[in-house]
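First residue of the sequence shown: 10, per my numbering; consecutive thereafter.
Below, in silico cross-link-like pairs of lysine-lysine (DSSO-like), each with a Cα-Cα straight-line distance of 27 Å or less:
#, residue 1, residue 2
1, Lys84, Lys117
2, Lys303, Lys498
3, Lys503, Lys303
If you are wondering where the hints come from, they were derived from the structure by calculation, not from laboratory data.
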Amino acid sequence: MKKNWFKFIAAAATAAISFLSATASASSSFTDVPAQYADAVQYLVDQQITSGVKTGTFGTAMPITRLDAAIQLAKALGLQPEDTYKDAGFIDVPKRGQWAVNALAAAKVTEGKKDNYFGAYDYITRGEAIKWLVSAYELPVDVKVKETVFTDVNERWAPYVDALVKAGLTDGKTHGKFGAADRLIRGEWALFLHRGTHLPSTFELSVIHTNDTHAHIENVARKATVVKELREQHPSSLLLDAGDVFSGTLYFNEYKGQADLEFMNLLGYDAMTFGNHEFDLGTESLASFIKNAKFPFVSANINASADKNLTSLMNETVTDKPAEGKIYNGIIKEAGGEKVGIFGLTTAETKTISSPGDQVVFEDYVAEAEKAVSSFQAAGVNKIIALTHIGFQDGGGDNDVTLAKEVEGIDVIVGGHSHDQLKDPYIDETGREATVIVQANEYNKFVGILEVVFDETGAVTEYAGELIEVDAKNEDKSYVYEEDASVKKILAEKYTPAIKGIKAQVVGSTSVALDGERANVRTRETNLGNLMTDSMLTKAKSIDADTVIAMQNGGGIRASIDQGDITMEEVLTVMPFGNALAIMDLTGAEIKAALEHSVSMAPEASGGFMQVSGLKFTYDSSKPAGDRVTAVEVYENGAFAPLDPAKTYAVATNTFTAKGGDGYTMFKTAYDSGRVSEPGFADWEIFTDYVKANPGAEPKVEGRITKQQ
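Using the sequences and the hints given, assemble the complete structure.
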């Protein structure tokens, strides 16, 4: 209902402007209307909102009652006395104002002062009035605001006064004073209503977003509850996914993305773009995924017209009539009566880190984004979302921050690929208009919600965003969000039974027990640490042949594996986090600093203690932290050679430590400066592939890490 009020007000304001120009000044018939109130009084009289307190007197300086303020506000909003409204149950409201109070109460614009008592004949304060105005005109409120430019506004009124100031409805009574506790006079109320009905037309859009879910559907029933609640709270919303639904859990290994897709269809996604992992199984499996989707896909920089599996699904256009299970450069969706353009981008790294084949071409992302924006603008669309899988500040050659700076006209970027947990939206103000960037971490841990307010030109004027933790718990350890019963039933009956069987499957074998004991992996070299880093280095070399070193933090190794067969369940117990692969370009000096940090707590245990492959080093824990590593050698070209501090080496690790986890600030520096690529691939997948390819593994402790006595 509030949205309809707003549309009515916008239309009424336009009509009022033309009407006033042809009407004699009604305010001139009042003897008590100073010039500062004249236009506002004129408007209220001409719109038959009020006729003053008596002939010749408007009552400009007189306080106004809550009843009269409610009647005038209801009329200003276009509500009619003859319409029927739910009885609010107030016993002190006279008949002449019941319709207005009931209507405003039903819309949660006003409320009583206490049970069954509206306070009809009480004088309304300026603080009470501004709260009504904020609700009536749907002004964005930042509840975190605790203070304003006015010294007399307490925390109770601060968010509402802040909203009015930002909307241009008030500048206070005097310099530094708002007068929140003062009685509102009729002249001031006239000004508020006049300004409120002439607010510029705005549109609020909510974007519900996910990315890099990687087949983590174990909590999908709770995710369904979160999404449904958000949609109920935000009717003008879009549900978007920024790619990498594929790869990462046993659900994907078994169902090739179709299990995820069933739940995405049930939740009613509006669009998805492709991540690099969507191409892991080639284009045939991807085509099957696309065809079964009940939503369209967007990607402006992928040209698959020559690919036999994807060519029939490609539509290299921007359309306002997208079909389910088809690919478009961009689509135009309607939300809240407004048109919103959505286009997609996928990282060009996909060519080297996945398996798209020779017939799939990844065009320049900036050039294709510019074309997409131009297409939307030519179609009269000025609210534009880029749905991307290029990384937030990823070092792979393309990323969201660069996109925002290089391409004018993008209002919102919903990103993925780098698995960033952007708790607050990132704002780029390089161009004429700001661009808001969001990303919701990984693995269905979070569902993002972004609220943006657009002005008449399509520019973002207000925004608010947060990440909703799907598995959040209350103080009593119960889940905040209950599981959706129907979704839970589908997961339990259709998909989970097979996964239980897979966990018992043997994926390899070991001739020796593999040491993953907590006290050991956090203080010394172990054979399981060696096996894990060897598998990591092998995978990294298949992506970037220049990779020579791998490092795995001991805190990411959670259990040992007994001699004999290795089951999938054992692998997942050792590596429960599903940490993904990252490849860093580090100087020898940075590697030395990382090794110093690795042993800085020795001989005490530390989750940051590194297991390594491709290098060996010696340290002395009796020396001061930061000066303990006495020798480092790197294995290159078939032999070990001393680490060169000035040389750049390609180093594999997991994304947790690559982003500074466990205190690896030197890695974070590299990440922030664009020297880290994130090809993905979960640690347990990499390990499983390696032990399958190397049956009967017999890793040893071989002197990669030596502690001087």
